[in-house]
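Sequences are here, hints too, so could you generate the full structure?
If you read the sequences in order, they're chains A and B.
Counting from 3, one number per residue, gives the positions in the first sequence under the working numbering.
Counting from 3, one number per residue, gives the positions in the second sequence under the working numbering.
In case anyone wonders, no lab produced these hints; they're calculated from the structure.
It is possible that part of the hints are untrue.
[Unchecked claim] If the Cβ cut is set under 10 Å, some of the chain A residues that face chain B in the computed set are:
id	residue
1	26
2	30
3	55
4	64
5	73
[To be verified] Covered stretches of chain B (chain A as the covering partner; in silico rule of three or more C-beta atoms under 8 Å from a C-beta of chain A):
id	stretch
6	23-33
7	64-76
8	82-95
9	98-111
10	125-135
11	142-149
All C-beta atoms in this analysis are idealised placements derived from N, C-alpha and C, irrespective of residue type, glycine included.
Listed below, chain by chain, are the residues.
Number of protein chains: 2
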Amino acid sequence: MASTVDLDPFDLKILASLQEDASRTNQEIGTLIHLSASQVSRRRQRLETAGVIRRYRADLSPDHLGFGVIAFVGVTLDTHNNENSVRFHELTRSLDCVQEAYTMTGDMDYLLKVCVPDLKGLSKFINNDLLPHQAVENVRSSIAMETIKDENQLPLGKV
Amino acid sequence: MASTVDLDPFDLKILASLQEDASRTNQEIGTLIHLSASQVSRRRQRLETAGVIRRYRADLSPDHLGFGVIAFVGVTLDTHNNENSVRFHELTRSLDCVQEAYTMTGDMDYLLKVCVPDLKGLSKFINNDLLPHQAVENVRSSIAMETIKDENQLPLGKV
DNA sequence: AGTGAAAAACAATGGCG
DNA sequence: CGCCATTGTTTTTCACT
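Structure below.
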């Protein structure tokens, strides 16, 4: 499924640099990795069309925007048929406060990372959005008290 | 702690637009929200220096880069003194495969989101990096089988 | 607070070593 | 396959409203 594109050391350095700071210009990256700006430009385009670079995002501060609570919500469904799964997937995708959603190994079926303004917002999310869904059997939430690390940077240096 | 900057509807629209796609030009954003490019530029700078925009990132595809396994690792420490906490924080920050780390409510002290090439990599991470740490009492990992959603976009539309 | 135009910086393309 | 030069865009600053 994941057709691995062949990447030379230059590509990896470009990716690492853009992952760290996407506002860097091709010239800056070029001088960093000892390559001309035009080459960086061409390689970037290739990496973008190949899907290695999925998109460019502005990383916003939740705190500054009034999102004080990050929580991880484990969900189990009562019946594990395909229809329920599809519906639950659609539900998670439609809920804006759901930042990430995964099917998991272990005792819970899904793990959701949610971002809400406060504990009241988390309660509303669980009671109004999650529990009413017919297939949801059990919900168990843990609240992040302190964010120790929030990088989301793939370790390309040691590839 | 989180000094909320006062943001007018224009600012929120700029933030939402950049969060969705940071490669948009000031002109594009300007026409989208009916504002001149120069105004978008100035507001952007203000939002950047205020820390509302933390950084610009290239979002890379883990699959294309050989990172097939995402896992969530719950960690409990045996002694909860300050020194152990600080050391564990440093450890998580120094480990490149740790994407996110939080102190949590509930039965585990920490939750780590890690990204590794394969299950062997996860095993190595737990056995070589995590368990040798003196204060680590218990480690319990769940592996993401399928990624349903991976947006990490704050819901600014409904603020 | 906002716009519009000019200047500087940048990206992307085509040709050349 | 990589570097240099040209062209077209984009950002940013300044004067004005």
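Evaluation of the provided hints:
no.: 1; hint: 26; verdict: holds (9 Å)
no.: 2; hint: 30; verdict: violated (13 Å)
no.: 3; hint: 55; verdict: holds (5 Å)
no.: 4; hint: 64; verdict: holds (6 Å)
no.: 5; hint: 73; verdict: holds (9 Å)
no.: 6; hint: 23-33; verdict: holds (count 3)
no.: 7; hint: 64-76; verdict: holds (count 9)
no.: 8; hint: 82-95; verdict: holds (count 3)
no.: 9; hint: 98-111; verdict: holds (count 12)
no.: 10; hint: 125-135; verdict: violated (count 0)
no.: 11; hint: 142-149; verdict: holds (count 6)
The earlier numbered hints that this structure contradicts are 2 and 10.
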